[in-house]
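> Can you build the whole structure from these sequences, using the hints too?
Given next are the chains, with one letter for each unit.
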Amino acid sequence: MKTVVKLFARARDLAGAPTLELDLAESATAADLRVVLGEQVPALQPILPSLLIAVGNDYAAPTTRVAGRTDLAAFPPVSGG
Amino acid sequence: MIQLTHAPIDFAALTESVRSTQAGAVVLFLGTVREMTHGRQTLALDYDGYPEMAEAQLRELEADARSRWPVIEAGIVHRLGHLELGDVSVAVAVSCPHRHQAFDAGRFLIDRLKEVVPIWKKENWSDGSTEWVHPGTDEAVGRKQ
Chain V
1 MKTVVKLFAR ARDLAGAPTL ELDLAESATA ADLRVVLGEQ VPALQPILPS LLIAVGNDYA
61 APTTRVAGRT DLAAFPPVSG G
Chain Y
82 MIQLTHAPID FAALTESVRS TQAGAVVLFL GTVREMTHGR QTLALDYDGY PEMAEAQLRE
142 LEADARSRWP VIEAGIVHRL GHLELGDVSV AVAVSCPHRH QAFDAGRFLI DRLKEVVPIW
202 KKENWSDGST EWVHPGTDEA VGRKQ
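Those protein sequence lines, which keep their order, are chains V and Y.
Numbering follows my numbering, in which position 56 of the first sequence is assigned residue number 56; successive positions increment by one, without gaps.
Offset between the second sequence (1-based) and my numbering: plus 81.
For the record, the hints were derived by calculation from the structure and aren't laboratory data.
Positions of the beta carbon are idealized from the N, C-alpha and C atoms, including for glycine.
Accuracy of the hints is not assured; some may be wrong.
With a cut-off of at most 20 Å between alpha-carbon atoms, the simulated DMTMM-like pairs for lysine to aspartate or glutamate come out as follows [as the list claims (entries may be wrong)]:
#, chain 1, residue 1, chain 2, residue 2
1, Y, LYS195, Y, ASP208
2, V, LYS6, Y, GLU136
3, V, LYS6, Y, GLU133
4, V, LYS6, Y, ASP129
Which stretches of chain V does chain Y cover? Using the computed rule of at least three CB atoms under 8 Å from a CB of chain Y, they are [stated by the list, open to error]:
#, segment
5, 3-17
6, 39-45
Have a look at this one:
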C-alpha cells in the first residue's frame, strides 16, 4: 500500500526530496521500511544503518507496523542543542 | 514552556518565567554557537527540525524531569534556522526548591534533548563546505560532538 515518509536533514539531502511515496506490504514493519528505503532509494544506503524511524511523535520499534500510516518520518541521529 | 522558534531566544524572559516564591534555585543553561570544533572553524550553523515531534518529545522530557525532581517550573526553547557565532541555539531554565535539584534537572533536560529531540544542525565550515552533524555515523567519526 502507498505510504508517504517524511525525511529530514542528511536523509532529505541524499534522497533529494522532503517526502517519499513507497509501496509497502500491508504487514510492513519499521524494519521492513528500512529495507524498502534502501532498495527504492539507493542514495540512502550510506546512512541506512543509523536511520531512525518515527511513527507519529514517537520512535518506532523494529516491529512497529508502518504500512498505510500518514505520520511516518525517517532521519539520521539527532544533533540539536 | 516548550517552544521552537526562528527568532532570537529571549533567555532573560524565559528565566523570569520559571521564577517562583516556592523556588530556592533557578538554573539557566544556554547552548551557543561555537567557532572551533577539534581544530575546524565554523562560520555559522543551520538548524532544522521536525516541529510536531520535537515539541512532543520536549513535553515528554519535561514530564520525565518532573517525575524525578521537584520541578516548580521548567522552560525549554530551541531555535531553528541560520545562526551566527555566539548566537543562543537552545535555552533550558528550571526552578526547584534546592540548587542540586535544579542543576540535576537542568542537566537531564539538555542531555536528553541532545539524544532524542528531532532537531539537526548543519555546519558551515570556513573552507566553504557544509555538513550535517549526525552523531554516531561515519561522517562524525573522529569529530565526536
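> Three residues minimum, CB to CB under 8 Å: does the segment 3-17 of chain V make the cut for coverage by chain Y? Let me know.
Contact hint for the segment 3-17 of chain V vs chain Y: holds, 5 residues under 8 Å.
> Holds or violated: LYS6/V and ASP129/Y, Cα atoms, limit 20 Å.
holds (13 Å)
> What's the verdict on LYS195/Y and ASP208/Y, does the C-alpha distance respect the 20 Å limit or exceed it?
The given pair, whose Cα atoms are some 26 Å apart, is violated under the 20 Å limit.
> With a cut-off of 8 Å between beta carbons, are at least three residues of the segment 39-45 of chain V near chain Y?
violated (count 0)
> Are the Cα atoms of LYS6/V and GLU136/Y separated by 20 Å or less?
Within the cut-off at roughly 17 Å; holds.
> Has the given pair, LYS6/V with GLU133/Y, been kept, meaning a C-alpha gap of at most 20 Å?
Within the cut-off at roughly 12 Å; holds.
Checked against the numbered hints above, the structure breaks hints 1 and 6 and satisfies the rest.
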